[in-house]
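From first to last, the protein sequence lines stand for chains A and B.
Its first residue numbered 10, the first sequence is counted upward by one per residue in my numbering.
Its first residue numbered 10, the second sequence is counted upward by one per residue in my numbering.
Treat each hint with caution, since some may be false.
Below, a sample of chain A positions facing chain B; criterion: calculated Cβ distance under 7 Å [said to hold, decoys possible]:
{"hint": "1", "residue": "V42"}
{"hint": "2", "residue": "Y53"}
{"hint": "3", "residue": "A75"}
{"hint": "4", "residue": "Y76"}
{"hint": "5", "residue": "V103"}
{"hint": "6", "residue": "N162"}
Computed list of lysine to aspartate or glutamate pairs in DMTMM-like fashion (alpha-carbon distance at most 20 Å, straight line) [stated by the list, open to error]:
{"hint": "7", "chain 1": "A", "residue 1": "K355", "chain 2": "B", "residue 2": "D152"}
{"hint": "8", "chain 1": "B", "residue 1": "K347", "chain 2": "A", "residue 2": "D152"}
{"hint": "9", "chain 1": "B", "residue 1": "K98", "chain 2": "A", "residue 2": "E126"}
For each label pair, taking beta carbons as the anchor points, the in silico distance ranges come out as [unchecked claim]:
{"hint": "10", "chain 1": "B", "residue 1": "K115", "chain 2": "A", "residue 2": "E457", "range": "29 to 37 Å"}
{"hint": "11", "chain 1": "B", "residue 1": "I473", "chain 2": "A", "residue 2": "G116", "range": "28 to 36 Å"}
{"hint": "12", "chain 1": "A", "residue 1": "D203", "chain 2": "B", "residue 2": "T17", "range": "42 to 50 Å"}
{"hint": "13", "chain 1": "A", "residue 1": "G116", "chain 2": "B", "residue 2": "Q25", "range": "39 to 47 Å"}
Hints are computed from structural coordinates only; laboratory data are not their basis.
Beta carbons are placed, not taken as given, at the ideal position from N, Cα and C, and that holds for glycine.
Protein chains: 2
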Amino acid sequence: MAIIKELTSRSENYAQWYNDLVLKANLAENSAVRGCMVIKPYGYAIWEKIQRQLDDMFKETGHVNAYFPLFIPKSFLSKEADHVEGFAKECAVVTHYRLKNDPDGKGVTVDPEARLEEELIVRPTSETIIWNTYRGWIQSYRDLPVLVNQWANVVRWEMRTRLFLRTAEFLWQEGHTAHATREEAIEETRKMLDVYAEFAEQYMAVPVLKGVKTASERFAGALDTFCIEALMQDGKSLQAGTSHFLGQNFARAFDVQFLDKEGRRDYVWSTSWGVSTRLMGALIMAHSDDNGLVLPPKLAPYQVVIVPIYKNDEQFAAINEQILKVIKDLKNLNISVKYDESKNKKPGWKFVEYELKGVPVRLAMGGRDLENHTIEAARRDTLTKETVDLDNIAPYVKHLLDDIQRNIYQKAMDFRTAQTFTVETYDEFKKRIEDGGFILAHWDGMPETEKQIKEETKATIRCIPFDGDKTPGKCMITGKQSAQRVVFARAY
Amino acid sequence: MAIIKELTSRSENYAQWYNDLVLKANLAENSAVRGCMVIKPYGYAIWEKIQRQLDDMFKETGHVNAYFPLFIPKSFLSKEADHVEGFAKECAVVTHYRLKNDPDGKGVTVDPEARLEEELIVRPTSETIIWNTYRGWIQSYRDLPVLVNQWANVVRWEMRTRLFLRTAEFLWQEGHTAHATREEAIEETRKMLDVYAEFAEQYMAVPVLKGVKTASERFAGALDTFCIEALMQDGKSLQAGTSHFLGQNFARAFDVQFLDKEGRRDYVWSTSWGVSTRLMGALIMAHSDDNGLVLPPKLAPYQVVIVPIYKNDEQFAAINEQILKVIKDLKNLNISVKYDESKNKKPGWKFVEYELKGVPVRLAMGGRDLENHTIEAARRDTLTKETVDLDNIAPYVKHLLDDIQRNIYQKAMDFRTAQTFTVETYDEFKKRIEDGGFILAHWDGMPETEKQIKEETKATIRCIPFDGDKTPGKCMITGKQSAQRVVFARAY
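Throw the hints in and build the complete structure from the sequences for me.
And the structure:
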């Protein structure tokens with residue numbers, strides 16, 4: 010029975026392992042629409058936990074939610090010169106607003122008379138429509154700052170898609186803030202990057218590098234893009250969140266000016282920042298193993314699953330009575346529990362299933378446990394088991410969940426430490442990059458050098474890190490001056 | 010200062026009053042995209058409360074959330090014969106997936122080479138894409154029921170739009186469930202209607218009539234549509250939620266079959282149910298007055314606003330000290346509070362502002378209150394004030410909020426009772442309908458009679474009510490047999 014759930018192993022084919030896992034753990038699947046996924050209930054339950062926690066953190070930092078239109082007039086995209094280059098290419102274009110019955114009598118066809126005067130683009134990101142709106146909201150410094158976030162779906166037409174990691178439609182949040190000064194906008198950009206990093210590390214249990222993107226990797230329309238980068242088990246980097254300092258670019262493009270305290274008129278300063286369902290990909294890849302998902306307790310749809318093991322109805326009744334007490338105790342400690350007492354599936358099948366689904370703790374109680382007044386507790390991260398006194402199980406589980414959260418973070422951190430390399434020469438770099446990992450090397454700051462490295466090695470500069478060694482040196486390719494080492498990796 | 014916020018009165022022009030209120034209370038505004046609105050932070054905060062509460066109620070009744078694609082292949086819409094008639098007409102059609110730089114060198118233009126083989130429709134509702142997906146999820150009775158809900162945006166191209174009430178894009182939830190038997194599907198349809206009714210009455214404080222739609226008002230593709238109808242202050246009815254029994258229509262259209270316990274193959278039974286940002290319109294119109302919004306405490310973004318009134322910094326310091334204690338006490342009782350201590354606005358301006366925004370309770374503290382150890386409490390629904398001992402203010406407010414929630418429901422209920430009329434003849438009906446309200450009358454069950462009434466009076470049958478008088482009678486037009494009175498009204 011376990012066989013139908015078997016995954017391709019990571020060592021055999023990492024990409025296939027990932028895809029198998031997403032499908033078999035019932036997280037998501039491809040839909041009938043090219044590049045668009047269906048997020049299934051178990052996957053969506055994780056996304057809801059992510060959303061709820063991030064939303065709380067946004068609100069704690071003074072932000073409010075709003076909602077802006079799905080559609081963007083085509084002309085808006087052209088208003089900011091860099092933005093149009095980055096976003097106005099692969100996108101879904103609405104040209105008509107009506108269908109009519111097919112003259113052949115079968116199905117429906119687009120009504121050629123219902124052509125829009127100006128085409129509408131399904132938002133790939135919302136800077137343009139939002140800044141067009143902010144023009145009406147902001148007149149004076151008293152109207153600032155505007156600290157707005159939106160939870161929404163966006164569409165970017167992608168040729169090669171992968172569930173969660175790269176899909177034509179995805180779900181995300183996009184913060185769009187407006188400020189009276191450059192300094193305040195930069196501070197906001199950094200603050201939100203810190204929120205993302207804290208979320209990734211404390212909730213997803215994924216360690217991240219914080220840094221700034223090079224010019225060529227910047228968001229289209231930004232003066233600076235800050236990012237968090239996470240290392241996956243295959244040694245590739247995943248950009249998990251970005252926060253952009255947009256300067257006055259969008260305010261200029263949409264003519265959003267304000268009167269400052271001294272009565273001078275100036276353009277508004279802005280930021281935008283976002284994370285998406287791509288985080289699901291990072292969460293899945295960072296911790297999971299060949300048996301399935303490994304979820305951090307803080308984001309697991311249920312933290313504990315309980316399976317009864319019995320020979321007959323009488324024994325089930327006795328075990329059930331004990332388990333119901335355990336559930337009550339766990340719930341009193343705010344621990345979420347699934348009790349799987351379904352009779353048409355064997356305990357062994359259930360064990361495999363909940364391992365696949367990454368439930369952090371599994372409790373099982375059989376006849377001997379009943380006699381001994383014990384219960385078996387298995388942890389998903391290490392796959393180890395322990396027999397625990399029934400009277401002590403709730404605090405034991407509470408402690409275990411904390412320990413699992415800490416342990417999977419530490420494991421990911423240890424992996425990253427082991428897979429981070431400092432190299433001095435380009436030869437060394439080219440050898441090293443084949444095995445993946447983060448590579449710290451000196452770079453002369455020139456886009457041409459960056460481009461050469463990318464073309465020759467498929468590695469990109471993931472970020473110029475904020476923390477760590479700031480010693481200057483010489484570029485590994487040109488020998489020119491380098492202000493500090495930057496982080497290279499192959500990336501998702 | 011109050012003048013800039015002044016609303017058109019309801020008696021002068023009800024439609025204008027509504028529009029003024031939505032704009033001036035910062036709930037929503039029109040966007041640059043025809044028919045699409047921007048939901049502003051204060052409006053969105055109310056919608057978030059609505060969402061959170063409904064989502065809790067859906068989960069309590071066993072439902073889980075998922076997410077399905079924004080786009081629907083054009084051919085899907087034609088698969089269910091009635092559905093295509095109802096939905097495949099006024100909708101946004103995506104025909105291309107790429108823009109390119111305009112040959113004129115200015116802006117971007119649609120790339121004619123990037124035409125989709127099959128056009129994609131922006132979902133007007135998701136039955137088709139969801140049932141196409143369910144084919145892969147359901148094989149056996151063991152896979153049933155499927156109890157899934159989706160929070161999403163949908164688009165229906167509307168020629169005449171009104172903020173919240175009718176917009177091209179709107180936000181909603183759509184439940185889509187699959188069942189092994191007709192009975193279970195009908196039970197689900199009724200259960201979700203009851204959830205909607207409970208939400209409307211207990212949270213929105215809006216009394217609703219529950220009933221079934223006539224064939225001509227049914228959802229396209231349903232065998233039965235149940236609805237809740239609410240009476241607005243202008244005497245028009247607003248359909249606030251619908252729950253559809255879809256029979257096996259979509260299962261047939263998308264070939265979703267299952268093996269039952271006896272090993273027989275049959276099509277799956279289904280339901281769908283939804284409420285949308287239209288509820289915001291109902292909430293606004295049901296309770297508000299010529300001074301602005303009146304919000305039920307259970308859905309108000311903040312339930313209490315506190316305004317200090319002082320002559321100098323010293324007095325402010327003393328008042329502020331007292332108010333901070335009050336805030337602490339209120340928060341301990343889970344009451345949400347906004348403290349407006351902004352110095353650039355006068356208390357009088359604030360009073361008008363928070364009345365406009367419908368904050369249920371306003372507390373104000375001035376020099377005399379400070380001396381007397383009191384605080385002034387004003388309730389938004391009745392606009393009455395009382396001076397309360399400071400030591401007693403938190404429980405006083407708690408009780409007041411409960412009372413306001415009850416009172417605005419009762420007020421709306423009394424209004425509906427007074428505006429519900431039983432008529433016997435069509436002459437009486439035609440006179441009565443001019444003044445609005447619910448009219449209970451006998452109807453012969455024929456679509457032609459219904460159509461005649463609609464054409465001659467603009468009134469429609471809102472529902473055949475579940476509760477109330479079930480006495481048979483004679484149709485007011487044809488004199489033919491009528492099983493029970495039905496509810497007529499003009500409607501939004």
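Which earlier hints turn out false for this structure, listed by number in ascending order? Structure breaks no hint.
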